[in-house]
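Participant: Which chain is which? The protein sequence lines are E and B, in order. Those letters in the first sequence? Residues -18 to 400, per my numbering, in order. Those letters in the second sequence? Residues -18 to 400, per my numbering, in order.
FYI, nobody ran anything at the bench for these hints, they're computed from the structure. It cannot be assumed that every hint is accurate.
Chain copies aren't distinguished; within one or between two, either way the pair holds.
Within a straight-line C-alpha distance of at most 16 Å, the following computed EDC-like cross-link-like pairs (lysine to aspartate or glutamate) qualify [claimed, not checked]: (1) K33 to D342; (2) K180 to E223; (3) K398 to D342; (4) K14 to D(-1); (5) K33 to D66.
Read off the chains here:
Protein chains: 2
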Amino acid sequence: MTQSVEIICVGTELLLGDILNSNAQFLAQELAKLGIAHYYQTVVGDNPERIKGVVRIARDRSQLLIFTGGLGPTPDDLTHETLADCFGVPLVEHPEILEDIARKFAQRGHILTANNHKQASLPEGAEILTNDSGSAPGIIWQPLPGLTILTFPGVPAEMQRMWREVAVPYLRSQGWGNTTIYSRTLRFWGISESALAEKVNSFFDLQNPTVAPYVNHGEVKLRVSARADSTAAAQQLIAPIEQQLRQIGGLDCYGANDDSLASVVGALLKTAQATLAVAESCTGGGLGASLTAVPGSSSYFWGGVISYDNAIKVRLLNVDEHDLAEQGAVSHTIAKQMAEGVRSRLGTTWGLSITGIAGPDGGTADKPVGLVYVGLAGPNGVQSFEHQFGALRGRTWIRNLSAATALDHLRRQLLIKLE
Amino acid sequence: MTQSVEIICVGTELLLGDILNSNAQFLAQELAKLGIAHYYQTVVGDNPERIKGVVRIARDRSQLLIFTGGLGPTPDDLTHETLADCFGVPLVEHPEILEDIARKFAQRGHILTANNHKQASLPEGAEILTNDSGSAPGIIWQPLPGLTILTFPGVPAEMQRMWREVAVPYLRSQGWGNTTIYSRTLRFWGISESALAEKVNSFFDLQNPTVAPYVNHGEVKLRVSARADSTAAAQQLIAPIEQQLRQIGGLDCYGANDDSLASVVGALLKTAQATLAVAESCTGGGLGASLTAVPGSSSYFWGGVISYDNAIKVRLLNVDEHDLAEQGAVSHTIAKQMAEGVRSRLGTTWGLSITGIAGPDGGTADKPVGLVYVGLAGPNGVQSFEHQFGALRGRTWIRNLSAATALDHLRRQLLIKLE
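Extracted from the complex, chain E is given alone in its bound form (with noise of 0.2 Å):
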């Protein structure tokens, strides 16, 4: 018999269009990485009624009914108490889930509230499916014999560690999902989608693995996807492909998964025992952050300075004054100077400089909006780099793709050393 599962996912503001609904892909891409056939997806709103009439519909054609949403506290979260309803049975409180509450509204120093009581309250013989990062618990129930109820809240962050930390292992222990599809995503800079593809044509025809080429955030990716009866299984048909698209990738491929450019880079700057400091311009603070998102950072991150008015850059980056004036604050010249000054007055082995034009405003017909100077001083001295990223794509794109791509320029410089 072919199990059929089906993704229900409640909130009336995914019918008002309030937000995507990156939930139901989320659990799509994980059930078929189990393997597991899933028919249907529906939406509906915080009515009871229709609630009501979609589960009536899905019980009959499914044997396991994924739910997100409408675990919250207010009055129109509605999903564990008109399930209770659909299939006749009271909703009972659970005292350790109220007291799991407390003590996390007490650590951020809430107090508990009469609407929480509703969070704490099951259809009775459900179990708790617990919520390690947020307050509303869901559910995993059999309500009837054949049927299994997963219910989850619609917080992405919350719902997706329930799914992998408690769901996949229960599905796991019920027989779902016996064959695996198992991926490892490349990732590459400093090279174009269009270019990567003429390198790896070939490779974009193999069946098992598979490999496909993705794109986002000036970021190209390619995913390689072997599917096999055990991870491991998988992971064999996929390394000998992953090592022939290394090669062919070079320099260019910085690393694999959950790999970022701030976290390659920490690594390199580990491995050679040295310190960076950044000189931050139209960034404002945007690359410090991406190598402090990197736990372990301080290690080798001692800090920065956000010289956002020029002002700043001469104060306490020893730019020159008479520079800035005659060659303008984003030029070559200024970078180079912002990396040497931060080098030298936090006293680390390298300083990174960005200088830049992030817009929509400030762009001249020489000096236009998306315009972008890195600089990077070091135990050899110090280079700078341009960078036109244009206009088009706006100014959050233009200070993410000047912080990635000033990061790729010390990740080159480290690798250089390496060798």
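Chain E is already provided as a structure; the job is to place chain B on it using the hints.
Facilitator: Below, chain B alone, put in the same frame as chain E:
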């Protein structure tokens, strides 16, 4: 009679999670703008039996069915033939569609294939919903009295143009969407969803406008939506409710719609002709990044110091080494000294600092992960604030909440000074 609408998206790629269902969000937003209520969204794969099942359910509960996807030339594009089958009518080939496709292909130097005849065949009695930007047309069809079916290709650009240019005028001509729904979202900081819900509980029973709470990234929102004949009329319904909610929310309500804490603080600084500098430890630049995400922020934000390493706190922020040793970097004392230090070093009206433990490591019994101090130095001296965000939600959550909370402290200061 309330006319009910539903959206049915056909495509296995949605069930595999390969793509986000942005078509459903687009149509949801468009329907909301037209004041047309829709109660269900369904995703189903390219499978005739399951598509039929979905159509049977939908035609019994709705008067308007909007389909996307399954209009392409390949064998797994089944929407039109399955619909014809559902309502027991044959497919009829439309030569004018074939000619149109041939003409479009000629422009791109493509040749017509047998597959394209499929795209030229529509259910008997259906009108053509012309597609000027792609090959596959949709249909406008009333297979039963009181039931209208619209179909669109899955390609967003084609679907959106067809919706705006053909479907909307048709629907209006049929008496749909003679009202409009307009919404305002009030944004709150420093109050939990449940606490705010308690205060405004009575508003949740309103019918027009409606008031609904949302929460994400630690921020609580109230969405006020009104249905009326015109946007102006809807705004008139919303205005008094918004005023009451703002009164109840008090200082916790920081703005509406696209406001961010950074943009609101920026506006207040401009009004006060004041300037700001930041000193960041655990946020590593995130506070500066959020401030400079606002276009034009250079008029009030001068920059700052990322003092990730303690030595930098001493060297660039005049933090006292002995206090640092005695009290530790994460303390009221050091938060104050960082704020004063950056204010005097950069010569700004205000100095805002953050020092805390973002984790996952570095926590102790008396200084656990999630403990954060905010320092605020200004014309009337310096203050500091202690916050415990908890370790639960992790490093990114703590860093984001720290930056937002720091901005909120400055916002409240600036508002008090305005009074």
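Participant: Measure nothing new, just compare the shortest in-copy and cross-copy C-alpha distances for K180 and E223 to 16 Å and report within, between, both or neither.
Facilitator: within (14 Å within a copy, 56 Å between copies)
Participant: Check K14 against D(-1) for me: Cα-Cα at most 16 Å, and say if that holds within a copy, between copies, both or neither.
Facilitator: between (28 Å within a copy, 12 Å between copies)
Participant: Which holds for K398 with D342 at a C-alpha limit of 16 Å: within a copy, between copies, both or neither?
Facilitator: Neither: 39 Å inside a copy, 31 Å across copies.
Participant: At most 16 Å between alpha carbons: which applies to K33 and D66, within, between, both or neither?
Facilitator: within (8 Å within a copy, 29 Å between copies)
Participant: With 16 Å as the alpha-carbon cut-off, assign the pair K33 and D342 to within, between, both or neither.
Facilitator: neither (53 Å within a copy, 46 Å between copies)
Violation of the numbered hints given earlier is confined to hints 1 and 3; the remaining hints are satisfied by the structure.
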